[in-house]
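Those sequence lines, one after another, are chains A and B.
No gaps in the numbering here: position 42 of the first sequence is 42 in our numbering, and each next residue is one more.
No gaps in the numbering here: position 42 of the second sequence is 42 in our numbering, and each next residue is one more.
Keep in mind the hints are simulated off the structure, nothing from the lab.
Here the structure is a predicted model, which is why all the values come from computation and not from measurement.
Certain hints may be false.
[Unchecked claim] With a straight-line cut-off of 35 Å between C-alpha atoms, the simulated DSBU-like cross-links for lysine-lysine are:
| hint | chain 1 | residue 1 | chain 2 | residue 2 |
| --- | --- | --- | --- | --- |
| 1 | A | Lys65 | B | Lys112 |
| 2 | B | Lys47 | B | Lys79 |
| 3 | B | Lys47 | A | Lys85 |
| 4 | B | Lys44 | A | Lys3 |
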Amino acid sequence: EVKLVESGGGLVQPGRSLKLSCAASGFSFNDYWMGWVRQAPGKGLEWIGEINQDSSTINYTPSLKDKFTISRDNAQNTLYLQMSKLGSEDTAIYYCARIAAIDYWGQGVMVTVSS
Amino acid sequence: DIVMTQAPLSVSVTPGESASISCRSSKSLLHSNGITYVYWYLQKPGKSPQLLIYRMSNLASGVPDRFSGSGSETDFTLKISRVEAEDVGIYYCGQLLENPYTFGAGTKLELK
């Protein structure tokens, strides 16, 4: 069974940084592109970016490219999202997802940016 | 960026009847390889999105065949026949043709 489990969310002050993790299991992690999608409260889905199997290609939505960094550790079957200079507009549920068809999504982790 | 426009924003359906959701892209989603990179997802209340349809018309694993996808290069339709209570939620279309991937605003399906 494919499982994606995000962690690392919580309350963070504006301007600070936060790193999310996504533990993958049930499939060959290093065979897949992986990515992140977020959803602000009561809003739709927003693509953040994706990373290929050997981390040689990383794509970001342009508006987040200078704030967010995606990485992975294939030995640990883990995907990461490093977020910096956080603002209230970054308050959202963050989902990790298996790409190709975005066929599997994690349960999501809430990030709240507030003083 | 490719803009995905869904209609309607909400739909109310009597159980057992059918429903259709439309999605239009601002650019052709037909790749030169012949694949149309439009996808449909359902987000049930309080849950993560789940894949329903991939590459315009292919049913994802475990999805009931009451769901079907069709369309052209820029106009797409998700059809749900014989709507059931478990189909309630928000439906999103998305394009995975080019980065940044984008999604429609969502269509909320409710039961009458």
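To see whether the hints hold, each was checked on the structure:
Distance hint between Lys65 (chain A) and Lys112 (chain B) is unfulfilled; the C-alpha atoms sit about 43 Å from each other, more than 35 Å. Distance hint between Lys47 (chain B) and Lys79 (chain B) is fulfilled; the C-alpha atoms sit about 22 Å from each other, no more than 35 Å. Using a Cα cut-off of 35 Å, the hinted pair Lys47 (chain B) and Lys85 (chain A) holds, with the two alpha carbons roughly 28 Å apart. Taken as a hint, the Lys44 (chain B) and Lys3 (chain A) pair is honoured in the structure, with Cα atoms around 18 Å apart against an allowance of 35 Å.
Checked against the numbered hints given earlier, this structure breaks only hint 1.
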